[in-house]
Amino acid sequence: MSQATIDADTRPGALGVGAEHPDYLRADSGLRSWLLTKDHKRIALMFYVGVILFLGLGGTFALVLRTELLTPEQTFIDANTYNQMFTLHGITMVWLFMIPAIPTVFGNFVLPIMLGAKDLAFPRVNLASFYVYVLSAIILLGAMLAGGADTGWTFYVPYSTTSPTAVTWMGIGIFVNGISSIMTSVNFIVTTHTLRAKGLSWHRMPLFVWASYGTSIIILFATPVLGMSLLLIAIDHTFGLSLFNPRFGGDPVLFQHLFWFYSHPAVYIMILPAFGVISEVVCSFSHNKPASYRAIAYSSLGIAFVGFFTWGHHMFVAGLSEFDAGVFGALSMFVAIFSAIKVFTWVATLRGGSISFATPMLYFLWFLFLFVFGGMTGVAVATQSLDVHWHDTYFVVAHFHFIMVGGTLTAFLAAAHYWFPKMFGRLYDERVGLLTSVAVFIGFVFTFLPQFLLGNGGMPRRYFTYPERYQWLNVLSTGGAWLLGAGLILALGNLLVALKWGKRAGPNPWGSRSFEWITASPPSKHNFEETPEIERSAYEYTLSEEVARERAKAR
Amino acid sequence: MNDLLRTILFLPRQASTIAEAIDKLHYFVIIMTMGGALLVTLIGGWFLFRYRRTAVQKDPSRRMLGTTPAIWLEAVVVLGLFGMFIMWWVIGFWQFMAIRVPPENALEIYVTGKQWMWKFAYPQGANSISTLYVPAGRPVKLILTSRDVIHSFFVPDFRLKEDVVPGRLTTLWFEVKEPGRHDIFCTEYCGVSHSTMRGEIIALSPEEYERWQQGKSPGPAVAGPLDLRPSVVTEYEPPEPVNMVRQGERAAAEQGCLRCHTLDGTPHLGPTWAGLYGSTVPLEDGSRVKVDEAYITESMMDPLARIHAGYQRIMPSYLGLIRPADTSAIIELMKSLRDVRPKPGAQAPWGTVTIPETREGGQ
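Taken in order, these protein sequences are the chains called A and B.
Those letters in the first sequence? Residues 1061 to 1615, per this note's numbering, in order.
Those letters in the second sequence? Residues 100 to 462, per this note's numbering, in order.
These aren't lab readings, by the way, just hints derived from the structure by calculation.
Please read these numbers as outputs of a predicted model, since none were measured by experiment.
Keep in mind that a hint or two might mislead.
As the list claims (entries may be wrong) - Below 30 Å or equal to it, Euclidean Cα-Cα: the simulated DSSO-like pairs (lysine-lysine) are:
(1) A/Lys1563 with B/Lys157
(2) B/Lys218 with B/Lys389
(3) A/Lys1585 with A/Lys1098
(4) B/Lys240 with A/Lys1349
(5) B/Lys157 with B/Lys123
(6) A/Lys1258 with A/Lys1563
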């Protein structure tokens, strides 16, 4: 608990808005009060437990995969199990962890408070979305036990429709999961439009709200297409509809178009909330307003829009026409431009700030390197002649893990540390936090940097056995994966210990000007007894603490 | 420099004529990516250090509150980046077109992927499984299709890859620089033994290739590192060359093609195959189309899509009824007839014919 993280201008003794009421954790008690709660904060905590469990499950699958790849021939599982493992790793990580992680946990928790609202617009829908998520998880886990799937998370036909595994139930599980995502996103959109506090104009909102809003729009437009395609796969698999089977006049490439129409925007569903977290972390810890608020806010919407027109870059060698490939390649460059705008704005925000170096900030530094490197290799794989060599090799695996793990997971960890005092009212141990963060970074680099080289060398992805010349890079990668796993477990342990033994945090330990820090830590059941009046933006660090409070009056 | 960077980046040998140019773009792209990521992180790290709170509290002049950041600088950097990305795209697209468009004189070989092996059929005769023999120094065009699920034909040493899709023909071309052995990997997940669906390309000198075609096994061992042994051994030693044109005649007879199409230019129910391949024929909608592999395959699988003007709509679809090898063989047969002069009046249909009661030619 280093003192450097406690901001100098926090007023000692202030308890924050709503401190006179019992906090949301203690407001009601009993299992029933949790399971039937309509409080967005409790629902967020239930999602928190869910996504952490599935991060653990997906991570375990990943460690099994990496351990198998220690030797060029069979190591300890057979080919069938291996194929199951990479499929289940993908499905678990994408739909049960990565897509819901930041929106349902941190979005659910802080978005209404950031807007000065007592809850989301539809609290019952919010609770329902949790149970739909649980239902989808049960269906997916059931399908894993009853046959699993060995198609890869991409479900390419005609293999997926002929696979003897439980593809149908996997499809249904993911379909149900999509309903949960859509419920949450509708809730966020409506809440952002209708429940903003008095005086909280769009351009005063915290940037995390903009990012969540952009994400929700993508979820709303893209998820139905995925649901539809997976249902078609399920029907095809069970009843032999043969929409995608060339033997009966179907077209397998059509499925790829449908799948990537969702699954490319899905990448932005996963990374946009991470952008939101990073924007909050950078401003809060550097005590600076963003170098350009509008650049960050609008580039989120820009990515949400352009992301819909780049799906073809997954199909350069799938028989797409050369012209289409060229168009999709060029459009893909725009995503990189919007992302670059964000990165430069974050870095510029640091300049002239007053930066406290806490764990979330260290995760920001890792995010910067991993996301820029991962993002620019994304431009590289969108360059057609290079993609011909890299497509479906470990280069692509490394690239998207740099974005997904290096981007989203580091942002998730940054958020877990950054909002920890708000969510639980206590401070985690800063030194252990910094150490685990270093372990996660080193583990990550050792896991995925060798995979870029494996891809250059031509090792295809989803290979159970591989030629001997790829072995030592695989060994490096496996070692890195173990270290990454250990780092994550230690980081979780640090937070769990702080739940009980952490120092009391006070309402605003980081000295942030963002609106969620006005409330007590943890917030009371209704966040605010009266709707606050907001007369400033979420990043007024030129004002002293007292003036800033005065301009965001809340009771 | 090329060799040094290639080694650092673990890129395989540059065995095809296009590989070196692609690798040069690769070096440029990766150096910029690595440099860009490091630069941004170092600047970020430097700011973190310079504006750390303890230092700012000692020296408040470092704090820049209320100053307008240099947005124009960001705009310039972003525009510069955009220019660089567009440059990558222009070069990449240019190279992509070179990868995709085969030269006119390419030697054509038919490739069929199936779970979990590669089959190769040569127009001049021989077949092989898992090992593809090609002449060095001459462009080779592969015409690929799959019998079951999607596969992908990947030769790292050539920097080439193309998906092998059932129900479609895709193409790929390359020119190997010198004799040697090169791995083939399947890179589209295709089931339990996906990772063993490997093969090997053996590039022979033109003379050796000639000898091999005549059924004699390749002479002296070909060049190539020892660790590049094929993972699947050749299963087929051609006892006598099979002629693909003969095979096409047999298939055309078996499938009933010859009930409507003639080989000698005599007018009949369907267009004669004499001189058909490579010619340009009128379509019903008034446009014209060149008769090539794509059009012939389409006409077999979906005959009514683009039908030759003046002919009845009686051709049945062969989708799922004909083996890919037979498709290829029939195309080769048609190619062999390209110089046969059709009899006078054969290009125009044979007057009006009565549509037969039973659909002939199908099953």
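Outcome of the hint check:
| no. | hint | in the structure |
| --- | --- | --- |
| 1 | A/Lys1563 with B/Lys157 | 28 Å, holds |
| 2 | B/Lys218 with B/Lys389 | 28 Å, holds |
| 3 | A/Lys1585 with A/Lys1098 | 10 Å, holds |
| 4 | B/Lys240 with A/Lys1349 | 59 Å, violated |
| 5 | B/Lys157 with B/Lys123 | 50 Å, violated |
| 6 | A/Lys1258 with A/Lys1563 | 34 Å, violated |
In the structure shown, a violation is registered for the earlier hints numbered 4, 5 and 6, in ascending order.
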